[in-house]
Amino acid sequence: MTNPLESALRLTMVGLCVFVSQPIYAVELQHQTLWWKGAQVEVVRADRADYHLELLLPKERALQSLDRFYRDAPDAVAILNAGFFFRDGRPSGFLKSQRWRGMSTKVRGVLGFDDAVGQQHIVFDRLYSSQGAVYSMFRGDDWWYQSNFIIGGAPLLLASGQAMSFESEDMLPSFIHNRYARSAICLTQSDKLLFILVRGGDQYSARLGWPSGLSLGDLQLFLLSLECVDALNLDGGYSSGMILNGRWVGGHWLQNVVARRVANALAIVPNQLSSSV
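So in our numbering the end of the sequence shown lands on 277, straight run, no missing numbers.
Treat the hints as calculated values from the structure; they're not laboratory data. Among these hints, one or two may not hold up.
Label-pair distances were calculated between CB atoms; the ranges are [unchecked claim]:
{"id": "1", "residue 1": "TYR204", "residue 2": "ALA62", "range": "24 to 34 angstroms"}
{"id": "2", "residue 1": "MET171", "residue 2": "GLY132", "range": "21 to 31 angstroms"}
{"id": "3", "residue 1": "ARG90", "residue 2": "GLN120", "range": "25 to 35 angstroms"}
{"id": "4", "residue 1": "GLY132", "residue 2": "ARG247", "range": "24 to 34 angstroms"}
Beta carbons are placed, not taken as given, at the ideal position from N, Cα and C, and that holds for glycine.
Please construct the entire structure, taking both the sequences and the accompanying hints into account.
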């Protein structure tokens, strides 16, 4: 295989997937374009021995485009929209970046991680808050005190390799069963970190003939096919988008017309840059 430091390797399997090696770092990042239940899905796969997660928040305004997040974090090889938010940029669920910025009295899936590089501790859970205190649905420890960063989603899709029931997160049936553009994050059995972007739209764009994405049940099955063991659904629909190696990848079809500004994002960042850069 060509050394990724020399040039980007592009190996295309028509109708199945595309692999892209990152040319400027000493370790390889994989990107696959797959099809599942009629939906196009972008999958970014990173080895946790070589990459770590970062939570990105806007530098100036309450909301900003993913392109702007990339300008603020140029070392990121992949950036994915993350948590749900209100129009004014306030988080509509759990959000922690060194301190709590948002909580939810509703049960919600979350992802937590520390700021370690190399041996980053990542937790998937369901949390809820009551009178300012935080409670876990699964774990007996107060792990959120040790996690520098927590991002809320809805719902928790997988836990310990099992597809999760959505009942406790009390979501609209249409949100669960309709086919939408989706964003998600997962960990695999082989300790790989995956960013998932389901291309599509919503109930309105489907009437115009645009591929409409996946239901949450179909997304669960897709993630299990990738050997994911823990997974969280992130903000989707019009918010869905990704920056991959500096290139924009839209999730919702309207993102290709007018990019939506979002309140936060997750980034995959190399643990060490190549010494030849």
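Hints and how they fare:
| no. | hint | in the structure |
| --- | --- | --- |
| 1 | TYR204 - ALA62: 24 to 34 angstroms | holds, 26 angstroms |
| 2 | MET171 - GLY132: 21 to 31 angstroms | holds, 24 angstroms |
| 3 | ARG90 - GLN120: 25 to 35 angstroms | holds, 27 angstroms |
| 4 | GLY132 - ARG247: 24 to 34 angstroms | violated, 42 angstroms |
Checked against the numbered hints listed earlier, the structure breaks hint 4 alone; every other hint is satisfied.
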